[in-house]
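If you read the protein sequences in the order shown, they are chains P and Y. For what it's worth, my numbering labels the leading residue of the first sequence as 158, then goes sequentially. For what it's worth, my numbering labels the leading residue of the second sequence as 10, then goes sequentially.
Careful: at least some of the hints might be erroneous.
Lysine to any residue pairs mimicking SDA-like chemistry, simulated, CA-CA at most 25 Å apart [to be verified]:
{"id": "1", "chain 1": "P", "residue 1": "LYS230", "chain 2": "P", "residue 2": "ASN185"}
{"id": "2", "chain 1": "P", "residue 1": "LYS378", "chain 2": "Y", "residue 2": "GLY284"}
{"id": "3", "chain 1": "P", "residue 1": "LYS279", "chain 2": "P", "residue 2": "GLN348"}
{"id": "4", "chain 1": "Y", "residue 1": "LYS205", "chain 2": "P", "residue 2": "ASP390"}
{"id": "5", "chain 1": "Y", "residue 1": "LYS205", "chain 2": "P", "residue 2": "SER436"}
Since the hints were made in silico from the structure, they are not lab data. Since the model is a prediction, treat every value here as computed from it, not as a measurement.
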Amino acid sequence: MAELLAVRGLRVDYATDQGPAQVLDAINLDVGRGEVVGLVGESGCGKTTLARAILGVLPEGAARIRAGEVRFKSVDLLKEDPAVVNDRVRGRAITFIPQDPFTSFSPVFPVGTQIMDLMKWKSPRVPRGRGPAPLVGRYPRARWRDDREAVLEILRAVQIPDPARALRRLPHEFSGGQRQRLMIAMALLPQPDLIIADEPTTALDVTIQAQILRLLRALVKERGVSVLFTTHDLGTAHEICDRVVVMYAGQEMEAAPTDAFFGRPAHPYTRRLLASVPSPGGEIRDIPGEVPSLVSPPPGCRFHPRCDYASVECRDARPQLRTLATGHDVRCHHPVDAPAEVER
Amino acid sequence: MSAAPLLEVADLSRHFPVRNAFGRRVGWLRAVDGVSLTVTAGETLGLVGESGCGKSTLGKTVMGIYAPTGGDIRFAGREIGRLPKRERRAVAKDLQYVYQDPGASLDPRWKVVHSLHEPLKIHTALSRAERDREVRAILAAVGLPDAHLDLYPHELSGGQQRRVGLARILTLRPRLVILDEPTSGLDVSVQASVLKLFRNLQQTFALTYVFISHDLSVVRAMCARIAVMYLGKIVELGPTAAVFEAPRHPYTQSLLAAVPLIGARRISQDFRLEGEPPNPRDIPSGCRFRTRCPLVQARCAAEEPSLRLVDGREVACHFA
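Next up, chain Y with everything else stripped away, as it sits in the complex:
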């Protein structure tokens, strides 16, 4: 990758205080703990891991919803993690966050046209006619007719609401869009049309995506590179094809082995991972995965492995 990265995250962490019943801090929940990654303009980076691994916190910290505890976030070459509020708001236009159901964030008392104009009113100095032209263009891009502008959200189907929600995000022509579990809870056929839409929009608007998901087959289809997270750290980061074909970190291997595949062998026959992820308030010493790892050795408890380049991808394991 020769192009300058659009987003550069270095040693980013976000810790949350854990308080007891009296409001006294009794510890830290290290939701994101020293994550470094880059996203190149135009690519889709997948961020996968199980619930509680910190993937959403990472997305929200980059987005500015949480202030980072430490580390740097550089967007288009500029440090944005510690900007004063006013300057940070100017950046917000270029960065958008898509929640699980973008349709649910529409105001039920507003017509679609009102919802779509609002971001432009806040962030741009366009005239009414210019805004109108922009809104119609975006609506067409998400595949909805102009007639829908005069409808209220409840008059639309769930799929159409979702499209309007996406249109609203796109009105500001963002450069980086963080998609947080955009297809979880959807049926496969609906999921397929949503994924297609994301792809078309990426081409039309030259978007860069960070695709957060726990669904590995979706990530595999959508992303060129993936980062696998476990308890606040990236354990493996590299090209999707390489990671899926020959995962090097034992956690990635278990995660891939756990996905039920159609037409393949039954996973229950050779799935070996026991136990559940430890409480993130009480992270194991050394390697965080060692309590469940089939390859664990004494060294894993003593020394935390850092990411190193192995076989075309970065892996944080002593024995990869």
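Bound conformation, chain P alone:
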């Protein structure tokens, strides 16, 4: 698959009271064109930080990028002029679906106002290549009409009933599921190449989640948009992704096509993570120990203190990436070659 996004050796530190926390430790990540990639891992593993680093919205002052590159369409966004990234990439070529549809709209403006505000600056019909957009300016009438047409069309695509009336309503008049549909619509409107979706269904009930996942997958496949989908729910990742990358304590552990990831996971952490999903038979297996502090993380592979297969070399050096099969990479000195032990 043609490369769209390639993150290489990205290191990000956060300032804390105890010293710098190494939140991302030389992360690599690839997203191909039209591919839905799941970024899974437990809280604090750095998946949201990675998503924010790609978008270029790490909290200023607290976060520090120490090394690495974020190549998007062969351009390193970390070295590119911030004004150009702001104008052409963020919100245009790369858009974002937030986790919480309840706080992402302003409660005091109709959703139509808020969507048209986005379109004023980020519509695909905004003339490009004139440097950064000014902070104030007219919204040409003709373009407004075209943009509004596009908005109504996309609202129909995300199955919002009576789109014209919906635009006049306030956010609280929509249910959580409908608000998330509006968020998906807004992420699609600038006709992006990549959508970063940060746990977009965590706040929803399962039946609504199923509807949203089905809708999102259909829409992005139809339009050939790539998605980087962060989630801590393995079932959701299985549902929507073509490929899954698993992170632990700021390091990526394994990347594999969805079927291989769930069927033949090679990294001991992936295997323990999958096994900790409650099985229908009622067996429950946890991972002994706790997630390490990122201020003083274990040397080498950060999973080694909790790993059943750990040896001296795991402590001494971080494993190199090993390719087991096409698209199936693992960073482990002792990859396991066996089917997953998940009870079906």
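Given the coordinates of chain P, assemble chain Y onto it according to the supplied hints.
Relative to chain P, chain Y alone:
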């Protein structure tokens, strides 16, 4: 089930008034509307449903946090729904409610030892030494060393705080514990250790659990029987294995079909449920699920189905 039920809920309802801007009542929100169920000593009953279905309200009404609007709650053979305050407090000791994060209910200015002694001071006449022995035993049962007694909550990790919170609930040796979404928001590996802990505690202290959750895979692993709720009513109630293998109510079927399963087919391929639950202030006539039901017929609007025994479980559907 031959043993006498520990908890017996009959036709229980809890309605909340809906008021307009001027404080006038304009309707009722029927959060729990005629629920009957029994819980046998030592078992774990799962209570599942989506947000707004009334599962937490049911738990809190049983617990005595809300007064019931109608119906009976019998605990160990005794009606407790309408007891005077003083007598009700004596029962409170046997019934405990665990919120999503039991660690969050610790007082940040109190050492662990203080938090653990408090319930015993209020509810028992034990001497200081007896209380101390009790507290240490419970702390060991939740897997924490004695040394933690002298720490403040902020000196503990989130998982340890959770254990202390549970220890505090267990100091009174309750008989029935209502767990309200005890694992929501947790990572799977942490969830697994919390579930293991619940199981061990159930054996050690002979607890009976009512396990409220929206996570069906957790309920399936933990509960022998489950009750599925929709808009304030139970739509299906029976042994977990039977309900999961062959759900009979169309809502249960949709709910199970919506759970993304690892290694199974993608649900998006055959998930058919459209729409969202109606507003609980404005419940549809007849069967409450009929506005979203794929099997709906004219009879469903006219006549509300009651629970009847089908295939080893109770189902409230005309066509199950």
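Do the hints match the structure? See the list:
1. A threshold of 25 Å between alpha carbons decides the hint, and for LYS230 (chain P) with ASN185 (chain P) the separation of about 16 Å falls inside it, so the pair holds.
2. Annotation: proposed proximity of LYS378 (chain P) to GLY284 (chain Y) holds, straight-line Cα distance about 23 Å (limit 25 Å).
3. Only pairs whose Cα atoms come within 25 Å are accepted, and LYS279 (chain P) paired with GLN348 (chain P) is accepted, the gap being roughly 9 Å.
4. Distance check on the hinted pair: LYS205 (chain Y) and ASP390 (chain P) sit about 19 Å apart at the alpha-carbon level, within 25 Å; holds.
5. The hinted pair formed by LYS205 (chain Y) and SER436 (chain P) meets the criterion: a straight-line CA distance of about 13 Å does not exceed 25 Å.
Of the numbered hints listed earlier, not one is contradicted by the structure.
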